[in-house]
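Undergrad: This is what each chain is made of:
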Amino acid sequence: MSSAYEYWKRRRGFILATIGSAIGLGNIWRFSWLCYRNGGGAFLVPYIVFLLVFGIPLMILEFMLGHYFRGATPKVFRKIRENLEPIGWLAIVNTFILCTYYSVVLAWVMDYIGLSATVAWKTVEGVGPTFKALLSNPGYVIIGLTITWLIAWYTCYTGIVSGIERACTYAIPILWILSAVLVVRGVTLPGSDIGINWLLTPSAQAFSGSAIIDAAGQILFTLSVFGTTMIVYASYLAPRSEIPNSAWITSFANCGFSFFFAFATWGIIGYLMHVMNVTTPADLPVPLSGAGLAFVTIPTAVTLLPGAPITTAIFGTIFFVILWLAGYTSLISVIEPVYAALRDKFGISRKKGIALVSLLAYIISLVYAFQPDLIDPVDFVVGSTNAVWIVLLEAIIAGYFFNLKVLRDHVNPDAEWKLGAWYDVLIKIVTPIILIIVLGWGLSTTTHVSPVSILTVVVIIIAATILSGLKWKEEEGKVM
Amino acid sequence: MPGLSAEATAMLILGIILFYVLGLGLGIYRAWRASKAREKS
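The listed protein sequences correspond, in order, to chains A and B.
Each residue of the first sequence is one higher than the last, beginning at 1 in my numbering.
Each residue of the second sequence is one higher than the last, beginning at 1001 in my numbering.
Bound-form chain A, shown alone (with noise of 0.2 Å):
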């Protein structure tokens, strides 16, 4: 066990490296079109509603668990009660297959920032051929991917406060300016009005039971309280550190920073639709969420830009600038976990610890570099299905297994708003109760259950059992 324990150097540290895990790749690229697809408008009432009833809740409570045992999930979970740490290596081992592929993705932007800042699509007929020849060529995949995991190596090799703390306090701002650069760009674009009013006006037809169960869903996975890297980060606060407030203003920093993109995109949308002369843009010939948008749509969009090719190259680069900041800060947040759960159980050091970590997901990420198709039904088993169920499990054990009255007492005294026993309420009835019609929503109307999806599942479950089965080092997990 590592006797010189970490801590952030300043709670605005803290904080920023919070919104730097929870802002990433979803909330440019899903937010803006569930809230199309949602009504408009309209889709931000339920949005709200899950943020406060159980987004924040369920943020305070990693907080409150990481910094009350000071640990991992798997210490936080045996502490609780012994046979239930099998429970957090799931959510490690989880976490460890999601930064492999997340680093994929990571890889593609990093490359889209070298093929914008040269317009290397050239035409707006070279967009589609140009990502295509992207997945098809490893090679060139592979140099993003090694960048990309040396930068992220380092980040956490270099420890807490030189490495996390000084790389997001750096990074969210930039991250916000770019952003801000942007959004004045596509709300300035002619036809922006067109995109916005698509995007916020409310609309009755649209609003649906789906709707309710994707603000859910997307408030679920945007903060990122899937019941490893929240608790590892909260267990570095000092001692006498506020808790509450954090959460309140981390989780409404990155819904708010959703919202403010959402008017870069759709202004850009807007733009499409004006050039492309369509009415809605279900019309349009270019995708409207997910890699699409960031790989097909945005390029498109920037090629059609008013002084092109210069303007191409400018806003082109900014925009995967963008991307690679909010991709890199989540990524960072979900290498440190995996190594803070190892130490915790082996005693390895930071140094070893990282560079075990880096390394494995390194070699594993190649396989997706070779098959990025694999990305898909891996992220349905790692992204979707089991972030519920963990945090679903989390609740219960948090509210059932534990006195939560022990944890608001913990944090109530340097709070800057209490915990009453209304928290009590949303932990342990309504935070189980959304996410087991999210999780069964989710199922119940899935295509993608594949091989491979069950494949993920069994690796996940073999290693947990593995690495939940061997001894502690020191043997202390009981009384810690």
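Calculated pairs, BS3-like style, for lysine-lysine (alpha carbon to alpha carbon, straight line, at most 27 Å):
{"id": "1", "chain 1": "A", "residue 1": "Lys9", "chain 2": "B", "residue 2": "Lys1036"}
{"id": "2", "chain 1": "B", "residue 1": "Lys1040", "chain 2": "A", "residue 2": "Lys9"}
{"id": "3", "chain 1": "B", "residue 1": "Lys1040", "chain 2": "A", "residue 2": "Lys418"}
Because the hints were derived from the structure by calculation, they are not lab data.
What you are looking at is a predicted structure, and each value in this text was computed from that prediction instead of being measured.
Fit chain B to the known structure of chain A by using the hints.
TA: This is chain B only, laid out in the frame that chain A set:
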């Protein structure tokens, strides 16, 4: 954006109030107020 519809403008204002005033703004104000109180004590 002069072409923005009244409904879209209303949702824009609602979003700004919810995310930045009552959300992020309130959180930062609470933190600022607490740090001032700590300084005085």
